[in-house]
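Novice: Residues per chain are reported as follows:
Protein chains: 2
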Amino acid sequence: MAALTRITHKAHLPFPATTAATGRSKPRAARIRMSLQENGPSLAVVGVTGAVGQEFLSVLSDRDFPYRSIKMLASKRSAGKRMTFEDREYVVEELKADSFEGVDIALFSAGGSISKEFGPIAAEKGTIVVDNSSAFRMVEGVPLVIPEVNPEAMEGIRLGTGKGALLANPNCSTIICLMAATPLHRRAKVVRMVVSTYQAASGAGAAAMEELELQTREVLEGKPPTCKIFGQQYAFNLFSHNAPVLSNGYNEEEMKLVKETRKIWNDSNVKVTATCIRVPVMRAHAESVNLQFENPLDEEAAKDILKNAPGVVVIDDRAANHFPTPLEVSNKDDVAVGRIRRDVSQDGNYGLDIFVCGDQIRKGAALNAVQIAEMLL
Amino acid sequence: MAALTRITHKAHLPFPATTAATGRSKPRAARIRMSLQENGPSLAVVGVTGAVGQEFLSVLSDRDFPYRSIKMLASKRSAGKRMTFEDREYVVEELKADSFEGVDIALFSAGGSISKEFGPIAAEKGTIVVDNSSAFRMVEGVPLVIPEVNPEAMEGIRLGTGKGALLANPNCSTIICLMAATPLHRRAKVVRMVVSTYQAASGAGAAAMEELELQTREVLEGKPPTCKIFGQQYAFNLFSHNAPVLSNGYNEEEMKLVKETRKIWNDSNVKVTATCIRVPVMRAHAESVNLQFENPLDEEAAKDILKNAPGVVVIDDRAANHFPTPLEVSNKDDVAVGRIRRDVSQDGNYGLDIFVCGDQIRKGAALNAVQIAEMLL
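Top to bottom, those sequences are chains Y and A.
The opening residue of the first sequence carries number 1 in the UniProt record's numbering; numbering runs sequentially from there.
The opening residue of the second sequence carries number 1 in the UniProt record's numbering; numbering runs sequentially from there.
Please keep in mind that the hints were generated in silico from the structure rather than gathered at the bench.
Incorrect hints may appear among the rest.
Because identical chains share one entry, a pair is satisfied inside a single copy or across any pair of copies.
Straight-line C-alpha distance at most 20 Å; calculated EDC-like pairs for lysine to aspartate or glutamate [unchecked claim]: (1) K189 <-> E86; (2) K189 <-> E294; (3) K228 <-> E210; (4) K259 <-> D347; (5) K223 <-> E210; (6) K116 <-> E252; (7) K303 <-> E101; (8) K71 <-> E300; (9) K76 <-> D98; (10) K271 <-> E294; (11) K71 <-> E94; (12) K259 <-> E124; (13) K223 <-> E124; (14) K271 <-> D347; (15) K223 <-> E213; (16) K271 <-> E89; (17) K71 <-> D98; (18) K271 <-> E252; (19) K303 <-> E374.
Using the sequences plus the hints, can you model the full thing?
Specialist: Set out below in structure tokens:
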């Protein structure tokens, strides 16, 4: 369990730099030596100019992910752009059907339609695709993986076999929720979960983060807010998640939580409901999660379980009223859990309420995908 | 049911003026003629310089509340300030034990300790106190009233009898939640309710609203945020409600929802759990409410019930992804409900998810108190 310390206000700027820029302690030379290796896999990052694409690079670098080469792929519009990564110069290439020749692992985050078109092409050519879109998540046979939760789903998928594959990264809300709920589920079996989310701008991409900042400036200056991304005021407001609403009245974001939980836990009976809301926060999601268990689990045992869970940090200081906040987990790897308490609306120790925060771009997307790739090594 | 129309961005400024200043259509002269009446009750507003105190005046004026005199009461610090109300000049008086001589109705919003000290003194002198603090809410014999929900609780309390009384205004989150939940409860009996709140700055007073605005400016300028009210960054962040945390791990705000619901519904068996979170929104709360019923209730029937509920407006346009937002209900009387859908985590039609927004200062405080006072007339 990594320590999660309070970060200073400088890291709290509304549009923070990527993690790599926030200054890790590891010396740069050492990092390069460790990650650029002749016998490492060849990588490709698809959608490299986006918020998650950029975070892929930060996470690869932070974690000394070994690679012998890396292709920076994006749409035609971004092709030709120059970028520096680990002190080397790269030119962004246009994503094409032949982009994946000799690529071992491709990290995709360029939207569902790009994934649907190019993911199978890459896999066909022997590339193992880790896809951050929703394109393949619910496709049978495509593992949907949170490495701390269901690594067994990846069984049989390895590098060096010449066989490509599709691997899906779950939706950000699902990852953040299940990082905390799974250790409890393993002990006491969750039978029902009621989730309400507080989702950051970053889930809608870098442009949404920029618009939230722009709108906030405009509103503070008494100007009408620019509403290009969501069609309504986001500054000092919140609204039901912008995903399309389905015929059952749930939006797609909510049904991802319902369906992905079942697939990841390999439990078609677990009951989940969710209400997904966007709040004017930059890059970390929060979730209020109410849990019903099959077996009793008291709050002290739950705290102990969570304190020992990998990738989870407990922030639960009742006396100081200090609990997880989106700002505190921004640019952090760990998902923070707090407000751990026996649910007074349920009998005995069969229910708990918890509050979870996680960086949407990092554990909610890029970090989890890189962790999946690490399991291939 | 009043119409709730989209308001322009001008009304969406982070620190909006009180409702009276937003311009109602009724001519000013007519309003004065109607509300200042020789045979109306004499009023006092305690805490008149606060956010809710100011809103009491706006609401009294907007609703043509009849009065023959009105005393503006506040702490010593504010005494002597001049203010204009309905074109007459007033001087704020210091709240003292003898302030209530001849006062028929006193609206209190000056914090629990002031209420505890002066509420009983006023009631002793024959004043009917409508108290917005938590001081008397759970005291047996003190009616806790939402006029649309449990008017019967006020039975026997009338003006003109010479007998004073204490009447309690529920907490803002409870009022907003129960405005939507009660009509459904009446039809299908709610047995359990899981609430997650998205609470505005206004609940912590005008100073908190000002600090949210100040902090936001500071963060946008790259300065460290001023953290006097909550001790942490509020701009572009959210956090567990600042109310003290009790030994059961719930904070006081959450337990208000649990306990007040039981008292208002006169149902000691109803099970409620709540997670209360502050979000960087100015003056309207949102709540995600999951309901479990004793009797079946489908979503179409629920929509019809809510469409016909007094003080409630349904905003539930799935195709346009248009649902209630805090901004849209700011400065409005009605509580808005949307996202009305069958809970997929419950069998049959025994569960619903809804999303509710209401102006915290208005229906969550001042309006509800004035409506209680109206029932005395």
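Novice: If you check each hint against the structure, which ones fail?
Specialist: Result: hints 1, 7, 8, 12, 13, 16 and 19 break, sorted rising.
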